[in-house]
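These protein sequences, in sequence, are chains F and P.
Sequential numbering from 2 applies to the first sequence in the numbering used here.
Sequential numbering from 39 applies to the second sequence in the numbering used here.
Rather than coming from a laboratory, the hints here were simulated on the basis of the structure.
Among these hints, one or two may not hold up.
As the list claims (entries may be wrong) - Listed below are several chain P residues computed to face chain F (Cβ distance under 8 Å; list not exhaustive): (1) ARG494; (2) VAL501; (3) THR506; (4) GLU610; (5) TRP614.
For each residue, glycine too, the CB sits at the ideal point set by N, CA and C.
Each chain is listed here by its residues.
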Amino acid sequence: MAVSNDVLKEFRKIGSALFTTGLNNSHSGNISMRVGNRMFIKRRGAMLGYLEPDDIVEVELYRMDGNLAIASTESRVHASIYINTEALAVVHAHSLATTALSLVRDEIIPIDVEGGYFIKKVPVLDFEYASGSKEMEDILPKYLENYKVAVVRGHGIFSCAATLEEALFYIHSVESSAQMIIYLSSLGVDSKMLEKGSYENW
Amino acid sequence: MLGYWEKYLEVDLTSRTVTERKLDLSVARKYLGGRGLGAYLYLQYCPDPDVEPLGPENVVIIATGPLTGVPATGSGRLSATTRSPLSRTIMDTNVGGMFGAFLKFSGHDAIVIKGKSESPVGLKVMEDSCELFDAGDAWGMDTEETVEFYKKKFSNPLSVLSIGKGGENKVLYSGVIADGGRNFGRGGLGAVWGSKNLKAIVTRGRKKPEIFDKSRFEEVKYELVKVIKAHPITSKVLPSLGTEGLMKVIDFYGILPTRNFQQGQFEGVDKVKGETLMETIFDRKSACWGCMIACGRMTNTGKEKGEGPEYETTWAMGPNLGIDDLKIIAEAGFHCNRHGLDSVSTGSTIAWAMEATERGVYDFGIRFGEAEKLVQYIDMIASKEGVGELLALGTKRLSERFGGTEFAMHVKGLELPAYDPRGSKGMGVVYTTSNRGACHLRGGYSVGFEELGSPRKIDRFAVAGKGTHVARSQDVGTFYDSAVVCRFNSYAVGMDIWARLLNAVSNTNYTAADLEHIGERVHNLERLINLKLGFSKKDDSLPSRLTREVLKEGPAADQELPLEEMLQEYYEYRGWTTEGVPTDQKIDQLDLRSDVPWL
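Starting from the given sequences, assemble the full structure and let the hints guide the process.
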């Protein structure tokens, strides 16, 4: 089915930004937006940086939908986020620094100013099957009810917001914070010393 | 007692009794307060759909919220709910100033007013005494005089809500004025008070609300202040220019309704914009209780002085009437405040009358640009003298009587405010689905994300996704009205901060999503009430000027408004039928069944 030009334009803008800034590799990651009780989501295996009209799939949120056969592997995770939170857009990326940090931290607390304004704290979640699993469907939305982003350990980051652009921004913001923590670490600085104490309880 | 005193006053004007009632904490937490609590209590006190808005059976709920009076910016507002005599819908209206905090400090969460007094009456709400008093000596005074009169009578500090001539004469779009300058403006609350012979309510107190976790509260408050100071709208535009700072931007996008929505840009915008106000008639800033933004403006024209004009008033008395004289616009706003009239409906009704006159529909004796007649017409509306008696009916009733419905700019009887939806398409859904009729705030204010880029800009001409965005924005806004915190914070403050602030104050465990869920519950409850009152999908419509005519010039020229497509997406997201009725599943999901008597 054909998507409207409005939707295609937005998907191309965000998909391109995710790829060209290195937040995803050639085929990783996925994005979706909610419209009514449906969502538009990237086709499984499509290249986010080069989306064509057929690369965007419409999927029902509240009913099993045959389009899941071609939609992103994480489609039901996205759907569950829409059903259980107030999100209207979801972005998932395999951002390198964030994912790396998730392997050694149980939460990421930004130490930079921007992270302190917009993010404050990022939960890191463990799943036995950490890609499109029922466990992720059930647990991830519970965190995204109260946090803008959450990281699946060793996999990547999920961000939800009112718009794709806003969700993209949160992912970038966390990635910048993660890079800064890693840079400081390479300089021998323990970034935990610089964390704002009150964000542990955020 | 965290967040609430758990008591409200029930005032029966017929029997002249004031009774203290217990506020059920579980109800308070389910609906938060303000608009949510107002809708709930309205339904409990007034479930009969046949009640006349200006009859003694109609009730008025005045309510604070769990954050009212706590030392966090934006927590000084107040909400009122009733059935509107103008739109005949359920309506809430919201006012700034001091009264909200003062009422909370008196030890009360809300006031329910029912019945009708045989003679003019006032209500005193203090910590140690709550009683009705004779108000015959103040009847006929304007709202500024009423404040001064009662401050002498009851001594300062005192906060005063009162009606002026507009409410006394039951002008259908009259409001209730807080402390002489802030307006419970839209929908006709003043007429409801007038119908009950209620002139004023005065209050003060010293009981400060408790805060459960002061350390946590200070931490979250720090974050609240931090983001407000960082956002250009809350830290620069509103503090330095007031809401009038919007004028140039809205004109830039070609959505500044001009001459009754016949154009989208005003050639005289530079004479009436906020920057000009600051250089000419500005006197000093004013702020609601505890507010760090201080968007209010006191102005002085050399002839008169008073509060305002803010953006909506400037638009309603300026571009929409083809008037570019800022002093006259300000004086028109002063007169609306003194008489207790809603400046938006007043200006819009005059705009319709100007166009009706020019088109030969009926000669109301006033044409676009006739600034010298404006204040006189406002005075005539308030006193219902001469042509003012007709204009006091509002746009809907006038157009149904004389013709000209195609340019009668209202939805459900409430006149449209200052944004043309043809260039901001989400606003089409906003106006049609706002529960009190055409309101930019109750409907979801898509200008925030379509023009102002808050939190991120989306294509203002796009159609797909707009119904969904508007519904969600309504839920967020309804949370603000129910927590009774100022909407201007929403440019900067995320729901995560409000959830944590509420939890610190009231020992609750709300998530950000919980708060939007409460907003959704309240919006659906109001919708269910409106459906019971006889409204249906056919009332979710726009004036034909907006759906059948395009703007001919400007940045929004030639844009059509495919309302039905956006509306169906909106219904779908809401979990309503294609006829706009909440489904059983939605009603149960929102836990509304037990609170609505006819379900």
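List in ascending order the numbers of the hints, as given earlier, that are violated by the structure. Number 5 only.
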